[in-house]
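K.L.:
Chains A and B supply the protein sequences, listed in that same order. For the first sequence, position 82 matches number 82 in UniProt numbering, and the numbering has no gaps at all. For the second sequence, position 174 matches number 174 in UniProt numbering, and the numbering has no gaps at all.
Warning: the hint list may mix true and false statements.
Interface residues of chain A toward chain B, partial, derived using beta-carbon atoms under 10 Å [as the list claims (entries may be wrong)]:
#: 1; residue: ARG75
#: 2; residue: GLY79
#: 3; residue: ILE82
#: 4; residue: LEU104
#: 5; residue: LEU158
#: 6; residue: GLN217
Quick look at which bits of chain A chain B covers, simulated, 3 or more residues with Cβ under 8 Å [as the list claims (entries may be wrong)]:
#: 7; segment: 66-74
#: 8; segment: 86-94
#: 9; segment: 125-136
Okay, the calculated beta carbon distance ranges per label pair [what the hints assert, rightly or not]:
#: 10; chain 1: A; residue 1: LEU179; chain 2: B; residue 2: VAL51; range: 38 to 48 Å
#: 11; chain 1: A; residue 1: LEU179; chain 2: B; residue 2: VAL215; range: 41 to 51 Å
#: 12; chain 1: B; residue 1: ARG56; chain 2: A; residue 2: LEU104; range: 23 to 33 Å
Hints were generated in silico from the structure; no laboratory data involved. Cβ atoms here follow ideal geometry from the backbone N, Cα and C, with glycine treated the same way.
Now for the letters of each chain:
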Amino acid sequence: MITFAGVTKRYPDGTVAVDHLDLEIPAGRITVLVGPSGCGKTTTLRMINRMVEPTEGTVTVDGRDVRGVDPATLRRGIGYVIQQAGLFPHRTIVDNIATVPYLLGWDKKKARARAYELMERVGLDPALARRYPAQLSGGQQQRVGVARALAADPPIMLMDEPFSAVDPIVRAGLQEEFLRLQRDLEKTIVFVTHDIDEAVKLGHRIAVFQVGGVLAQYATPDELLARPADDFVTDFLGGERGIRRLRFFKELDAEESAGAADGGGAAARAGSDGSESDRAGDAAAEGDGRTAAAER
Amino acid sequence: MNVIWNSLSWFGEPGRWSGPDGIPTRLLEHLWYSLLAFAITVAIALPLGLVLGHLRRGRAAAAAGFLVMSSANAARALPTLGLLILAVIMTSAGDLVPILIPLIALAIPPVLVNAYAGIQQVEPGLRDAAEGMGMTGRQVLARVELPVAMPLILLGLRTALIQIISTATIAAYVGLGGLGRYIVDGYSRQDYDSMAGGAILVIVLAIATQLAFAVLERAVVSPGVRPAERGRARPGTKRRARGAPPDAIPAEGRGALGGSR
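Extracted from the complex, chain A is given alone in its bound form (with noise of 0.2 Å):
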């Protein structure tokens, strides 16, 4: 669990960039940080793995204040992923992969043979491992970009917005398998967008901030589209908000008939804790009820 008490970014001409921040961000979940620019949510972000330091108040991973550990060592426990991948174009994929491993002094081979597990993990063809990252498209280099983050196997990735730079059809795709993803690896994801539609489908839980740093709202998907805190949220959840809960719930229900067909496997989005399944089943329940509405 990432907990931020009484967090505040202030930079030294002023600018509040996160404004008394208090958030609980729950374990082997995703969490989406969501707002318009200028709202501290990639701030906030970078405060968990210390790319920037609070002003005033705790970051705590699993209750250790992350400023009593070095922030290599902190970086490297957790994976993080940023908006173009970041790639080292000098780098050959699988290098680039392994990058973690190795500056956790792996040897070579072990950290090759993670690389490679974790290619075939996020859907990269092996013959691409030689390759170098401009040799890719968008798609494959933010793959690469995930795999990169998991090759030590965090518990912990930083994603800040993975998956903006490319069309939205490869941003579906890949959202879909990220979702598949963590099923099976039920990471702590803290997720980055301004695209409130990624929020929704990503998110178990969604932190909506406004400008000046100041959260506005943190709520589940269903709870935040069904009853938004404030003007802001409204209308930052867009004119297109019913629809979007239906969509939502569409998608809920599309996952539970998959689940039951597979065993079980809605759990692990719908949640594995008892407060969350509840959830799924009120949603379901409710969507019907608004689809027949809408139908009449």
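Use these hints to put chain B onto chain A, whose structure you have.
P.N.:
Just chain B now, with coordinates in the frame of chain A:
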């Protein structure tokens, strides 16, 4: 053309390939001055450029970078010959030092500026990813910034060495050896064949340097950042799936003497 034919016969004159005024001796002298000046240049300018480029953050580093780069660029305008004469006057002549000073002054700017610019221009996303994955500052410099900036750094080194080699001829003006002897002595004797012969030797040496750097580039620049590769490295291109990319001729439009004076 006649001049060249005549100078070719100069190459065949007796004693040309042996003795204290023979080509091998003069060539070695020339190389000795040049490589010594180059080594000192690299020792000074390369670390400075790399570190300043790496420390792009913070006002102090930026100010230092600006200052060094400006003076480096201003130093390009120094008249080399004037500097040589000045160095001769101010130090005891006959020593190597007077010739090294202008050569180093000439070579520092390209090395320094290219190393600085090369490192500084590394895409911020790469640094962010490198730091975010737990590389220390040094590791970011050595494992990411340096290899990515390598083509530009090598370009600076090559320019510097070619400039040194073509300028080291002026050593002869102050009584030192090197290939400049053939030019200076030829001039005083009105021996145009000797002058042309000396010039040809300097040109050949410069071309050899260019080739040596092409070999070096193949050895130390990753195919992923090789300028000649980038254009070809298109997604979906069905090239070799495995193994090293195809042989890249470090093709450049410029002539072999592009960097010389």
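K.L.:
None of the hints should be skipped; say for each whether it holds.
P.N.:
Tested hints:
Given hint, ARG75 (chain A) at the interface with chain B, holds; its Cβ is 4 Å from that chain's nearest Cβ, closer than 10 Å. Evaluation of the GLY79 (chain A) hint against chain B yields a held restraint, the C-beta minimum of about 8 Å falling below 10 Å. With 10 Å as the threshold, the beta carbon of ILE82 (chain A) comes within range of chain B, its nearest partner Cβ sitting at about 6 Å, so the hint holds. With a least beta-carbon distance of about 8 Å to chain B, the hint placing LEU104 (chain A) at the interface is held under the 10 Å criterion.
Of the supplied interface hints, the one on LEU158 (chain A) holds, with its beta-carbon coming within about 8 Å of a beta-carbon of chain B, less than 10 Å. A least Cβ separation of about 28 Å between GLN217 (chain A) and chain B goes past the 10 Å threshold, and the interface hint is therefore violated. For the segment 66-74 of chain A, the proposed coverage by chain B is satisfied: 4 residues have a C-beta within less than 8 Å of a C-beta in that chain, meeting the threshold of three. Note: the segment 86-94 of chain A has 7 residues with beta-carbon separation from chain B under 8 Å; the three-residue rule is met and the coverage holds.
Here the segment 125-136 of chain A counts 10 residues with a CB under 8 Å from a CB of chain B, which clears the bar of 3, and the coverage holds. For the pair LEU179 (chain A) and VAL51 (chain B), the supplied restraint of 38 to 48 Å holds, since their beta-carbon distance comes to about 45 Å. Range check, LEU179 (chain A) to VAL215 (chain B): about 50 Å between beta-carbon atoms, so the 41 to 51 Å window is met. The supplied range of 23 to 33 Å is met by ARG56 (chain B) and LEU104 (chain A), whose beta-carbon atoms lie about 28 Å from each other.
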